[in-house]
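Student: Protein chains in written order, with this note's numbering: chain A, 25 to 278; chain B, 244 to 518.
In case anyone wonders, no lab produced these hints; they're calculated from the structure.
Mixed in with the good hints, there may be bad ones.
[Unchecked claim] Below, a sample of chain B positions facing chain A; criterion: calculated Cβ distance under 7 Å:
#1 T273
#2 A276
#3 F279
#4 P351
#5 V352
#6 T353
#7 R354
#8 L356
#9 F368
#10 G370
#11 G372
#12 F375
#13 V475
#14 R477
#15 I485
[Said to hold, decoys possible] Label-pair ranges, simulated between beta-carbon atoms:
#16 G48/A <-> T280/B: 50 to 58 Å
#17 E180/A <-> H277/B: 44 to 52 Å
#18 S243/A <-> E479/B: 23 to 31 Å
#19 E479/B <-> A51/A: 41 to 49 Å
#20 G48/A <-> T386/B: 36 to 44 Å
[To be verified] Reference listing, derived: stretches of chain A covered by chain B, where coverage requires no fewer than 3 residues with Cβ under 8 Å from a Cβ of chain B:
#21 214 to 226
#22 238 to 245
#23 267 to 273
Heads up, the beta-carbon is just placed ideally off N, CA and C, and yes, glycines get one too.
Residue strings, one per chain:
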Amino acid sequence: MHSNTAPLGAQLAVTVIGIAALIGGWAWAAQGQPDYVLPGPVAVLQAVARFAYEPQLIAQAGISLLRVVLSVAAAMVLALVLAGLVRRFRILDETVERRILTFFNAFPSVGWAILGVIWFQISNTTVIFVQVAIILPFCLINALAGFRQIDPEMDELGHSLTRSVWRRFRLLSLPLVAPFLLSGLRVAYGICWKIALVAELFGASSGLGFQLARAQSVSDATMVFACCIVIVLIFLVTDLLFLKPLVRRFSVNQ
Amino acid sequence: MAKSGVGRLSGARTTPSVPRLIGARHLSGTRIAHLFTLLALLVWWLYSQVVPAYQMPGPGAVFLRMIDFVTTPFLLGQLWISIYHISVAIALAFVVGSALAFTARFAPVTRMLIDTVLTPVLNAFAGIGWLFLALLWFGLNHTTVVFAVTMILIPLTTINVRAGLQELDEDMMEMGLSFTRSYLSRFIKIVLPLLLPYFFAALRISFGVSWKVVLTAELFGGNAGLGYLLNVARQEFDTETIFAIIAFILVFVVICEQLLFRPVQRRLDRRYSRA
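Just need the whole structure built from these sequences, with the hints factored in.
Tutor: Printed below as a string of structure tokens:
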């Protein structure tokens, strides 16, 4: 029951064999099945590759990425404003935490999607509104936690160095909260790709969510698979290239 | 975080002059929160007066529709179906997710496969993707809904239980080893109790997320449940019903949080605090 580790080579071997077995099993299961039930790995891979060279598909993925990034940024700013308000006026603590946060936390995502379409019709506004509403609680939890752990003595130090609120925020509060914000950012970004695509199913006529819905409605399972894999790829690559280094940079600074 | 706040409050109470001040501030914080709720309701009502009812029905109409819900057996039945979907999905995800985490722990050769391939990929896989695949495989029924929700919950459970397994106190393990050589009794008497807070966290998160996604699953892939009702209401522009369903979910989730999860969490925090 000790946490004995296996040699790295063995782990690597099991990993490779495991992935091979999964893909092999998939190919075996897909044999003889019609494409609209279970397409084989090769067909799916070809469909994924289409995302690399077909301009129309690249545009769909690009617009989804753009919306997700915009939504995450907007939700983060909103969460920062709310958390900053709580920090400035302690008395609002309960209002923000037990009313606003609870409300957004318990609100079903598809509810936002439906209401968004009713209120703003089919547009970019709808998608971004819905995505912001869905990921706001995740950002808010982290922003509140971040501001709460700021050492009061640090705050006093800041006060004694400058009276400018903006400079104190930029040079003191922000770096101290950054680790929390960034971990919130990462979670929110993941959730946005995973759940918030619902927004595009209802509220958009472009993007990966729309592409998924269209593929599903014509029983194009290959495209459904491909869209899912493209989403996983985009998420993993952006996480690896941008978010992880960002998180690492700010936690080293501490 | 909340714990430290409570500690500060009760700590302050021992000094004679401060408590009233802090008590008063706490009270008015609650009062402001209540005021905020009232204000939000008022704004909602005012806004509902100026926009057409299909865009934003007023609080009164929504409340009446909620009463309709509770008194109509058919509608109440749909609520139960949603709860049934969630319970089955949470239970399944719990078993599969924990099994993955335990495998990574007790069969170290699989660690890289599970930690760096399976969990991240499952975690990044879009919920809608599972749903549409399930639709193609199983059609419109309970299986589709439960499958989609389960697949979304599995990585969440795995991540939590895995975190718990990584935090396992090695001294504790060694102590167990010096008492008995039996794997089973060490597992039941030491590992499982130590994991309890993580199991609970996994359950709590699963519960919150499952409510968020079950409606989507039922909307696209179900022929029963609140999500199905939501879909019917959406097609008929019956905004009152949409609001009523959302309000039900809000109330249900908040009640579960307050009456079930928070007290249990507090007990766990007390039981497992290392201080």
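Student: Of the hints stated earlier, which fail here?
Tutor: 13, 17, 20 and 23
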